[in-house]
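Given chain P, work out where chain B should sit, using these hints.
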Amino acid sequence: MSDGTKGAAGPSIPITVEFTGGLELLFGNERKHKVSLPACMDDGNPTNIAYLLPYLVDNLMQDQRKEMFIMEGNVRPGILVLINDADWELEGEETYELQPGDNIVFVSTLHGG
Amino acid sequence: MGDLDERCAALRAQIAATEAQLAGLKSELASAQEAAAAKSNHAELSDNQQAQPKSASRWPLLQEEYKRYGRQMIVSQVGLEGEFHSSDMGLSGNGDHESLTMSSSDWAGQLKLRAAKVLLVGAGGLGCPAAQYLAGAGVGTLGLIDGDTVEVSNLHRQVLHRSRNVGKYKVDSAIESLRELNPHPNYIAHRTHLTPSEAPQIFAQYDLILDCTDNPATRYLISDTAVLMGKPLVSASALRTEGQLMVLNNPPRPPGDKQGGPCYRCVFPKPPPADSVVSCADGGILGPVVGTMGVLQALEAIKVITAMAGKGEAQNGGTGAQQSPLLHMFSAYSNPLFRTIRIRSRRTNCAVCSAEATVTLDTITSGSTDYVFFCGSAHSPSLLAPDERISAREYNEKYPGSDLGRQGSSASSSHTMIDVRDKVQFGICSLGDSINIPISNILASTSTGETPSWVPAELATSESNDPIYVVCRLGNDSQLAVQKLKDLGLDRGGKRYIGDIRGGLRAWREQVDSEWPEY
Chain P
1 MSDGTKGAAG PSIPITVEFT GGLELLFGNE RKHKVSLPAC MDDGNPTNIA YLLPYLVDNL
61 MQDQRKEMFI MEGNVRPGIL VLINDADWEL EGEETYELQP GDNIVFVSTL HGG
Chain B
114 MGDLDERCAA LRAQIAATEA QLAGLKSELA SAQEAAAAKS NHAELSDNQQ AQPKSASRWP
174 LLQEEYKRYG RQMIVSQVGL EGEFHSSDMG LSGNGDHESL TMSSSDWAGQ LKLRAAKVLL
234 VGAGGLGCPA AQYLAGAGVG TLGLIDGDTV EVSNLHRQVL HRSRNVGKYK VDSAIESLRE
294 LNPHPNYIAH RTHLTPSEAP QIFAQYDLIL DCTDNPATRY LISDTAVLMG KPLVSASALR
354 TEGQLMVLNN PPRPPGDKQG GPCYRCVFPK PPPADSVVSC ADGGILGPVV GTMGVLQALE
414 AIKVITAMAG KGEAQNGGTG AQQSPLLHMF SAYSNPLFRT IRIRSRRTNC AVCSAEATVT
474 LDTITSGSTD YVFFCGSAHS PSLLAPDERI SAREYNEKYP GSDLGRQGSS ASSSHTMIDV
534 RDKVQFGICS LGDSINIPIS NILASTSTGE TPSWVPAELA TSESNDPIYV VCRLGNDSQL
594 AVQKLKDLGL DRGGKRYIGD IRGGLRAWRE QVDSEWPEY
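Those sequence lines, one after another, are chains P and B.
For the first sequence, the numbering used here assigns the number 1 to the initial residue and increments by one for each residue that follows.
For the second sequence, the numbering used here assigns the number 114 to the initial residue and increments by one for each residue that follows.
The set of hints was computed from the structure by calculation and includes no laboratory data.
The reader is advised that the hints may include incorrect statements.
Pairs of lysine-lysine, DSSO-like flavour, derived with a Cα cap of 30 Å [as the list claims (entries may be wrong)]:
{"id": "1", "chain 1": "B", "residue 1": "Lys230", "chain 2": "B", "residue 2": "Lys139"}
{"id": "2", "chain 1": "B", "residue 1": "Lys536", "chain 2": "B", "residue 2": "Lys511"}
{"id": "3", "chain 1": "B", "residue 1": "Lys511", "chain 2": "B", "residue 2": "Lys599"}
{"id": "4", "chain 1": "B", "residue 1": "Lys536", "chain 2": "P", "residue 2": "Lys66"}
{"id": "5", "chain 1": "B", "residue 1": "Lys599", "chain 2": "B", "residue 2": "Lys536"}
{"id": "6", "chain 1": "B", "residue 1": "Lys511", "chain 2": "B", "residue 2": "Lys608"}
{"id": "7", "chain 1": "B", "residue 1": "Lys371", "chain 2": "B", "residue 2": "Lys230"}
{"id": "8", "chain 1": "B", "residue 1": "Lys180", "chain 2": "B", "residue 2": "Lys139"}
{"id": "9", "chain 1": "B", "residue 1": "Lys230", "chain 2": "B", "residue 2": "Lys281"}
{"id": "10", "chain 1": "B", "residue 1": "Lys180", "chain 2": "B", "residue 2": "Lys230"}
{"id": "11", "chain 1": "B", "residue 1": "Lys281", "chain 2": "P", "residue 2": "Lys32"}
{"id": "12", "chain 1": "P", "residue 1": "Lys66", "chain 2": "P", "residue 2": "Lys34"}
{"id": "13", "chain 1": "P", "residue 1": "Lys32", "chain 2": "P", "residue 2": "Lys66"}
{"id": "14", "chain 1": "B", "residue 1": "Lys371", "chain 2": "B", "residue 2": "Lys383"}
{"id": "15", "chain 1": "P", "residue 1": "Lys34", "chain 2": "B", "residue 2": "Lys536"}
{"id": "16", "chain 1": "B", "residue 1": "Lys383", "chain 2": "P", "residue 2": "Lys32"}
{"id": "17", "chain 1": "B", "residue 1": "Lys599", "chain 2": "P", "residue 2": "Lys66"}
{"id": "18", "chain 1": "B", "residue 1": "Lys383", "chain 2": "P", "residue 2": "Lys66"}
In isolation and in its complexed conformation, chain P is listed as follows (with noise of 0.2 Å):
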């Protein structure tokens, strides 16, 4: 497990990053993250997952292919993003609002067989 925090004014919030299905090798091959971020994003509002996407492109990603994870904006085709085990479009995709402790996982989606 790699330890992804950064030091930070203010209160934080500590959550846990996952990558699996091939996106590890993006991340250093780690699987697991700890990860503590702001407990507010710049506009004042509570930090939810659009923030959490550039931030960690620009902390934990070690590949240079930025597209391999993020295009236009978001998570690129063919990853699922998963907020305690469940899809996170049950969950309000990236508005979701992040809550200390959370298990965030993003999944690449695999078509071997």
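Frame of chain P; chain B shown alone:
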């Protein structure tokens, strides 16, 4: 020597001919047994309908079938949830419903299995174990569709295929094994890849579809066709050490009916970029991983079949239908091994299963829904100019023996060979004097600022203009690496040659060293 060679060849030919004869006899026997079984089953059913007592007619299964399936028939989920109604799945059209229902409620799941017609698309790593368990369980009709032939590299995971069947159609090879396992089912071979023009008419012959394929375009075609033909779909996939499984379009309802289960497009409305799709050939796959997923497909298929409700009781019949749709993920090197997540229900703007659907059977069969275009195709990149590439043969002529580590007797032959495969592949086989810098290291470094740490010191510091060559498995990653090295200025403004081996180590095998391991 020549005599012995001839004798070996003759013996081989004789063995092949005898094996072919044996296979023919076996398949004749299997069809004869099948016909006999079908005849006696039919006799039992019609006897039952006509209520004519006759010793063989009292029981709907053969004696051998009670023994064969007994262990699964006494499992309550098959018996209870599989409560049988004679109107189910068109088993018996207008017979004596009541007596059949009453006498058969405890083992009805077995009758549902026997009446079921299941199509497996793909007879590979998923299809083999799935078919094996479904045949073993006594599914009455098993269809397999696959246009591929068996290759040696399939055998570690595609467990129905035998070494002697390399080169044979996978469906024929698989059915040969399945017949040995269980001669009762009716096996149907479709020796072709699934095409949009044929998919609907093939699916029409079956009740349930298993997606055991290996590419996004076929996965969308299967899901679309399954929705439009009203068939539940058990979809699985695997790569490296991980697998995924979903039961889709369950219950199968017409497009626009929100009670129906989601389809593949609901979960993945847009296909992944073609260059992000990794095949088992490129990424690797562990046999038991894909085997696990295939076995789970068979399990989900049995659950769907034994839960299939008779007409008129669709609302409360069966399992799964009312549950939230799920995605099961398997990861061999994680803890826990399995993880199940809730996924969305039908998408209100789904292109296939919603009221706003744009994909129809017509657009599929006519080709106006273009799956290849939709999913794109990853072309081998051609990033380098011809003079930045060298063939394996040219390289070998230029630096003879350097693959064996005999480089450098004269200064003129001095050069650096960088192998950018990952270190596992480098460990399997490598050119004698090559150094290993995995492409993932190269791509991970940012292009700004100082020389990244993966650049060998002698390349970064020395003033030498000795050429640098890059090689990989197939000649794709090596091009990226050459570009990267040039971006870093290692070509000293063109004074030093940097290029790659066209076609990679596969070309090396073809052009230079036929003993080079092909993996």
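Indices of hints not satisfied (ascending): 11
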